[in-house]
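Novice: Protein chains in written order, with numbering that gives the first Met the number 0: chain A, 0 to 276; chain B, 0 to 390.
Warning: the hint list may mix true and false statements.
[What the hints assert, rightly or not] Result set (DSS-like, lysine-lysine): computed pairs, CA atoms no more than 27 Å apart in a straight line:
{"hint": "1", "chain 1": "B", "residue 1": "K255", "chain 2": "B", "residue 2": "K241"}
{"hint": "2", "chain 1": "A", "residue 1": "K264", "chain 2": "B", "residue 2": "K50"}
{"hint": "3", "chain 1": "B", "residue 1": "K50", "chain 2": "A", "residue 2": "K275"}
{"hint": "4", "chain 1": "A", "residue 1": "K34", "chain 2": "A", "residue 2": "K264"}
{"hint": "5", "chain 1": "A", "residue 1": "K8", "chain 2": "A", "residue 2": "K189"}
{"hint": "6", "chain 1": "A", "residue 1": "K244", "chain 2": "A", "residue 2": "K227"}
{"hint": "7", "chain 1": "A", "residue 1": "K215", "chain 2": "A", "residue 2": "K227"}
{"hint": "8", "chain 1": "A", "residue 1": "K188", "chain 2": "A", "residue 2": "K223"}
{"hint": "9", "chain 1": "A", "residue 1": "K8", "chain 2": "B", "residue 2": "K246"}
{"hint": "10", "chain 1": "A", "residue 1": "K264", "chain 2": "B", "residue 2": "K6"}
{"hint": "11", "chain 1": "A", "residue 1": "K3", "chain 2": "A", "residue 2": "K34"}
{"hint": "12", "chain 1": "B", "residue 1": "K365", "chain 2": "B", "residue 2": "K125"}
{"hint": "13", "chain 1": "B", "residue 1": "K324", "chain 2": "B", "residue 2": "K266"}
{"hint": "14", "chain 1": "B", "residue 1": "K6", "chain 2": "A", "residue 2": "K275"}
{"hint": "15", "chain 1": "B", "residue 1": "K241", "chain 2": "A", "residue 2": "K8"}
{"hint": "16", "chain 1": "B", "residue 1": "K50", "chain 2": "B", "residue 2": "K6"}
[Said to hold, decoys possible] So the derived label-pair ranges between C-beta atoms look like this:
{"hint": "17", "chain 1": "B", "residue 1": "G368", "chain 2": "A", "residue 2": "I232", "range": "53 to 63 Å"}
{"hint": "18", "chain 1": "A", "residue 1": "A235", "chain 2": "B", "residue 2": "P204", "range": "44 to 54 Å"}
{"hint": "19", "chain 1": "B", "residue 1": "R327", "chain 2": "A", "residue 2": "P150", "range": "49 to 59 Å"}
{"hint": "20", "chain 1": "B", "residue 1": "A123", "chain 2": "A", "residue 2": "P21", "range": "50 to 60 Å"}
{"hint": "21", "chain 1": "B", "residue 1": "Y242", "chain 2": "A", "residue 2": "N46", "range": "17 to 27 Å"}
{"hint": "22", "chain 1": "A", "residue 1": "L141", "chain 2": "B", "residue 2": "W136", "range": "40 to 50 Å"}
{"hint": "23", "chain 1": "B", "residue 1": "V248", "chain 2": "A", "residue 2": "L7", "range": "24 to 34 Å"}
{"hint": "24", "chain 1": "A", "residue 1": "P150", "chain 2": "B", "residue 2": "G368", "range": "25 to 35 Å"}
{"hint": "25", "chain 1": "B", "residue 1": "Y242", "chain 2": "A", "residue 2": "L7", "range": "16 to 26 Å"}
Calculated directly from the structure, the hints in this document are not laboratory data. C-beta atoms are modelled at their ideal positions from N, C-alpha and C, and glycine is treated no differently.
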Amino acid sequence: MTNKHFALKFLREEVLPTAFCPGCGNGIVINCFLKALEETGSRDLSNFAFVSGIGCAAWCVSPYFRSDSLHTTHGRPIAFASGLKLARPELNVVVISGDGDLVGIGGNHLIHAARRNIDLFVICINNLNYGMTGGQVGPTTLHGVTTTTTPYGNPEYPFDLVRLVESAGANFVARWTTVHVRQLIRSIKKALKKEGFRFIEVVSQCPTAFGRRIGKPTGIDLMKWFQKQSIHINQAQNVKETEDKIIVGEFADRDRPGFISNIYKIIRLVRENNDKN
Amino acid sequence: MINKQDKQVLSGTHFWQGDIACAEGAIAAGCRFFAGYPITPASEITEHMAKRLPEVGGIYVQMEDEIASISAVIGASWGGLKAMTATSGPGFSLMQENIGYACMTETPCVIVDIQRVGPSTGQATKAAQGDVMQARWGTHGDHEVIVLSPNSPQEMFDLTIRAFNLSELYRVPVIILADEIIGHMWEKVHVPPPEKIEIYNRKKPSSFSEPVFGGVGETEIPPMPRIGDGYNLLITGSTHDKYGYRKTVDPEVHRKLVTRIVNKIRKNAEKIIDVEIQNIENADIGIVSFGCTSRSVYDAIELAGREGITVGHVRLRTIWPFPEKIVRKLAEKVNFILVPEMNLGQLVYEVERVAGCEAHVKAISKIGGGEMITPEEILSEIKRFLRRRAV
Ligand SMILES: Cc1ncc(C[n+]2csc(CCOP(=O)(O)OP(=O)(O)O)c2C)c(N)n1
Ligand code: SF4
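Isolated chain A, as found in the complex (with noise of 0.2 Å):
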C-alpha cells in the first residue's frame, strides 16, 4: 500500500484533481494551508468553516476542502464570514479568496473587517489580475502592465494590500509568495493561533489569464520573477517603488482584543445587568 499525500484527509478526493491550470499557484497555497494544520496537530477540519467569493481563488476551499464552506457572491466573503462568525463565535472561520474579489469589488469589507478587528483569518491569493474571466486589469495589477483591458499599458497603479489591511487596524499581516513556501506556513500556524482580524497575501502565480500576457507563460517563469523581485522587509528601507519590488515578511503581529470577545463582552454586561434589576 502506497503512503497516501498527507492533504488528502483534508480534501474531497472525489472532486479531485482540481479544476486549476497546470502551474496555476492555487495548489501551491492549498498545500501550504493544509501544511500548517497539519504541523500543527489537525486531523480533519471539523474545527474550520471556509468562506470565499467569486474567482479561481475561490475554488480552493469550495469544493475541494472537506469540510463545511460557504462559496459566496463576489467580493462578499468577508462579509458573509462576519455574520458567520458572529453567529457561530466557536469556529474557526478561514476566508481564502483573489485579489480582485477581496480587494477589488470587496475591498470596503476587506478594510472595515480589519478595522472592525473581526476573528476572521483572510488569505488572499494575489494572482495580479481577474484569473477566471480572462485577464483583465485589477487594483493589484502593477504600473504599466499589458491586461486584455490594458491594451496599452496600465496607467494606474497597484494598491499595498499589506500596508492598507495593517492601517485598517488587523492584528496579524503578512505577505509571501508562492516561492516562499516554508515562511508562508510559518506565518499561517502564527495567524491560526491568534485572535482578531489577520491577513495573509499570498503572491502567487495566474501563467493563463496573466504571465502569458508578460512574457511569462508559464508558473516557473512567474515563480523566477517572484524571487527575483522579493525582498524581506528587513531588507527593503531603500527600495523605490519604481524597483516593482514585492517586500514579503510580517508587517504586524498585534493582540488587540477581536471584535468578538468585545462584543460577547457587551452581551455579558447587559445581560448582567437585566438580572440585577
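Let chain A serve as the given structure and place chain B with the ligands on it in line with the hints.
Specialist: Just chain B with the ligands now, with coordinates in the frame of chain A:
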C-alpha cells in the same frame, strides 16, 4: 421582576411606532442576529435592535453598507440564527444580488424595506410605494420570494413574526414591504403571551447523508443544518446538485433546482397568501390595495357606503405570491377595479393581468412629498367610474 422570557416577548399592550413593533416582532419570533446600515425611515428598527438584541443574548452589528448587511445576515443564518436586516429603497437596491443568493441557497432571512420616495435618493423622508416590483424582481434570474405588506404598527409586529415563520418553513428570503407612513406611525400594539405566539423553526436533517439542497418533492422543503455541525456543507449560489456540488453547465441540474425553488413557493401559494376582504359578494365596484394606502380605502368605503355604494375591497397582506384567485373572484363580481398606490403604476399591472377581460382596471396614482391618496380622491374615482357605467 423581569425574567428572560419576559424580555423576549413583551406581552401586553403598548403604544409603539411601526418600526419598533417590527423590531419587537422579530425578537418575539426568535430573531437573534441583525446586521444593518442606517437609512431613513428604517433607522428606528436598527436602533431598537441595537438596544434590544443584547438583552436577549442576540447579536447586533452595524455593517459598512447594505451589501455587507445582507451578506452577514445570510452568513449568520447558516450559523443557525434567525437573522434580519432593515433598510429603505437605496439600501434595498444594494441588497438585490445577495437576495438572489439567499433564494438560490435557500437561506431563511427577513429583509424589511420601509419604502420611501425614489428613484435614487428621491425624497428620503417621505413615504412611497414604489418598490413593489423591485421586491418581486429586484434580483436577476428566475426566483420566487415572499413579500408581506403591513398596514399598521400591530401588523408590523404580527407580520414580522409571520415573515420569520414563512422564511424558516420555506427556506426563502421574506421581504416586509412597509412604507414610511406605517414605519413611523404610532398606534396601539397588542403583544400576546409567548404561548399564544406560533413559532416555526427550520427542519434539521435526520442524518449526515440527507441531501439539503433537494431530494424532496416539488412542494416540499429540504432540511437545513447549520455550519459547524459536521455536515461538510457545500453552499454555493452557483447551480448545484442536491448535495451542493457546483454543476455550472448541466441544463438538467439547473432546471431541476430552479424549478423546485420556484415551485416550492408557487405551489404552496394558497397556504402563504393572506388577504383582508370586505364586501366582495355584493360589490358595485372593487378596490385592490396594500400598505398605508389601504387605510384611506377603509375611509373611502365608508364614505361610499353613506351614498349607497358598496365597495368590494381586497387588501393584500401578501403581495407576492400575488393572490390571483381572490382578485379574479373580485373581477368576476364587479365591472371596475381601482388600484390606488403611491407610485405611477406597479401593482395595477398584476391586477390587470389577473382580471383579464372580466373587469376594467384602473390605477389611482400619486407620488411625491409622501402625500397619501385621500379617501376623497378614491371616492371621486369610484363615482366617476360608476357614472361611466350608468351612461
Ligand atoms: C458582481 C459580479 N461582477 C463580476 C463578476 C465576474 N467575475 C467573476 S470572477 C471575477 C474575477 C475574480 O478575480 P480574482 O478575485 O482576482 O480571482 P482569480 O480568478 O484571479 O483567482 C469576476 C470579475 C461576478 N461574478 N460578479
Ligand atoms: S486562470 Fe489563472 S488563476 Fe485561474 S486557474 Fe488558471 S492559472 Fe489559476
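Novice: May I ask you to test the hint 25 to 35 Å on the CB atoms belonging to A:P150 and B:G368?
Specialist: Since the Cβ atoms of A:P150 and B:G368 sit about 50 Å apart, the hinted range of 25 to 35 Å is violated.
Novice: Taking only the CA atoms, is the gap from A:K264 to B:K50 under or equal to 27 Å?
Specialist: Holds, at about 15 Å.
Novice: Are the Cα positions of B:K50 and B:K6 separated by 27 Å at most?
Specialist: 12 Å, holds
Novice: Tell me if the straight-line CA distance from B:K324 to B:K266 falls inside 27 Å.
Specialist: 13 Å, holds
Novice: Within a Cα-Cα threshold of 27 Å, do B:K255 and B:K241 meet the stated pairing?
Specialist: 10 Å, holds
Novice: Range first: 49 to 59 Å. Now tell me if the beta carbons of B:R327 and A:P150 are that far apart.
Specialist: 58 Å, holds
Novice: If you draw a straight line from the CA of A:K34 to the CA of A:K264, is it 27 Å or shorter?
Specialist: 34 Å, violated
Novice: Measuring from beta carbon to beta carbon, are A:L141 and B:W136 in 40 to 50 Å?
Specialist: 42 Å, holds
Novice: For A:K264 and B:K6, compute the direct alpha-carbon distance and say whether it is at most 27 Å.
Specialist: 19 Å, holds
Novice: Just tell me: holds or violated, for the beta carbon distance of B:G368 and A:I232 against 53 to 63 Å?
Specialist: Given range 53 to 63 Å: holds, Cβ gap about 59 Å.
Novice: For A:K244 and A:K227, compute the direct alpha-carbon distance and say whether it is at most 27 Å.
Specialist: 9 Å, holds
Novice: Can you let me know if the beta-carbon spacing of B:Y242 and A:N46 is within 17 to 27 Å?
Specialist: Once the Cβ atoms are compared, 22 Å apart, the range 17 to 27 Å for A:N46 and B:Y242 holds.
The earlier numbered hints that this structure contradicts are 4 and 24.
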